[in-house]
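Starting from the known structure of chain F, arrange chain P on it as the hints suggest.
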Amino acid sequence: MTISKQPVSQPNMNLGHADTFLVIENVVKAFQKPDGSQFIVLGGIDLTVGEQEYVSVIGHSGCGKSTLIRIVAGLEKPTSGLVTLEGKAIRKPGAERMMVFQGYALLPWLTVRENIRLAVDEVFKNASRAERIGIVNEHIEMVNLTAAADKYPHELSGGMKQRVGVARALATRPKLLLLDEPFGALDALTRPKLQQQVLDIWDNHRQAVMMITHDVDEAIFMSDRVVMMTNGPEATIGEVLDIPLPRPRDRHDLRESKEYYELRNHALDFLERYQ
Amino acid sequence: MTLLLSLAVNAKNSLLGQLRRQIFRPNVMLPMAGFAGVIALWWVIALFRQEMMPTPLEALVKNLDFIIHPFYRRGPGDLGLGWLLLASLRRVCIGFLLGAIVAIPVGVLIGLSHAAWLAINPIIQVFKPVSPLVWLPIALAIFNSAEPSAIFVIFITSLWSTIINTAEGVANVPKDYLEVAEVLEMPRWKQLLKVVIPASLPYIFTGLRISLGIAWLVIVAVEMLTGGIGIGFFVWDEWNRLNVSSVFLAVFVIGLTGLILDYALAKLQTVVTHRPARS
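So the protein sequences, as listed, match chains F and P. Be aware that the first sequence starts at 1, since it is given in our numbering, and climbs by one per residue. Be aware that the second sequence starts at 1001, since it is given in our numbering, and climbs by one per residue.
Hints listed in this document are in silico derivations from the structure and should not be mistaken for laboratory results. Take these hints with a grain of salt, some might be off.
To be verified - In silico BS3-like cross-links for lysine-lysine, where the CA-CA straight-line distance does not exceed 30 Å:
id : chain 1 : residue 1 : chain 2 : residue 2
1  : P       : Lys1175   : P       : Lys1190
2  : P       : Lys1175   : F       : Lys33
3  : F       : Lys125    : P       : Lys1175
4  : F       : Lys151    : P       : Lys1175
Okay, chain F solo, but in the shape it has when bound:
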């Protein structure tokens, strides 16, 4: 187990391909306060995510972790610093960095199928109609929503809504999947189920994932690395925790594992230091 005992600002480079895919370099985000002074949210973030790596960013609320993922999505611009995906600078939103939103962000006037179809139509403009329908159906099936495919969002439970959110994001075949507290609004019984489902999908289709969360168990259970942020203002990366637990992972087995508890305690100790 490789727990970096010293707080580091540089990410672990132990994954060979990590430095070539998503690179976040010295990203600073500041907002202008009404009195004209600067409020610095992020004070110099350096992070990389590998092409097939699942990385979680964890921190207390208000530490700027959502701001960070929004910068990667292109929905916000960094005040200084650079984010590159496969060497190309990120300046605006793009479908190769599709996001799953905390509040689902489903369009309420469209059915499950139509919500996913909207995204597929937009991203695969050159594909034939049959191909696009095929992609939509495949992803509805992937999240087990075939029976609810023609329902409207207001007829679905929170867990089902977020499955639509996940299916919509995956259907656009992004290079980097961004999950902004995707399970945050779900109840305690639905959450583990959906976590498992997303993890299973990822196990079958390894790709780069960046997930924001404030749940230590969720972060450790799902990720290859957990990035722990210090509290804002001027939040930075306090520590990066490698999670060498074997995959596929099973929640029940993990509960028996000593290694899991050591990682968990370490992460909790870190977060408590910044309370």
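For chain P alone, kept in the frame of chain F given last:
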């Protein structure tokens, strides 16, 4: 045989019992009690002002001809209430549709563009509190004829609520929806058609429903002034003949028609937006 008979009696009893239970349910009973209260109040007032006011029963008897024959034609100026109602509805529909055609795009424009909002909002704020009837003389001066003037007044009436609500809807499209569109790299014009306008539809419909409600209020007043064929002129004409009974009938007819108009728009809203409408 006795068994069959007793079965039949039982069935009849249970059916009657069911009907009785239906009637005694609070959401049936209480509205009926409310109307009964209003009619009782009318009755009491009619007893004190016997020379002018008909009692509900007298009014019903006098109006029976109107109620049974809504579509009679007994001469150029003597038409059934149904014809008058249709004439009024026609004016309201034309004026209201023209109003919606202008108001929705204007609302979208000022919801999207701060410059347009700065230019148009003061006009709305100044004109909105003006009673639509004030526009009647101006309309008569322009058109020199009652019919287009009445429609013009309804048109003006229909504008304000629809513009304001549409603009509010467009300006308040949830940020999440727009961010989804942005992440999908949707061009601006497509975001407008596929996200902004569908997301604003509930607001637009709220505006339309308020506008239509006011339009239906105003048409009665307009027709009282312009004359011609219509439910408004009917009220004024009957009053001049001291037929207060007919005026009571008109109250119910106008009220029910307004209710149906609103209900129809609410239904349309449910169909168009795929979400249940709040009434």
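Hint-by-hint comparison with the structure:
1. Restraint check: the Cα-Cα separation between lysine 1175 of chain P and lysine 1190 of chain P comes to about 16 Å, which is no more than 30 Å; the hinted pair holds.
2. Restraint check: the Cα-Cα separation between lysine 1175 of chain P and lysine 33 of chain F comes to about 22 Å, which is no more than 30 Å; the hinted pair holds.
3. Distance check on the hinted pair: lysine 125 of chain F and lysine 1175 of chain P sit about 25 Å apart at the alpha-carbon level, within 30 Å; holds.
4. Under the criterion of a C-alpha separation no larger than 30 Å, the hint pairing lysine 151 of chain F with lysine 1175 of chain P is consistent with the structure, at around 23 Å.
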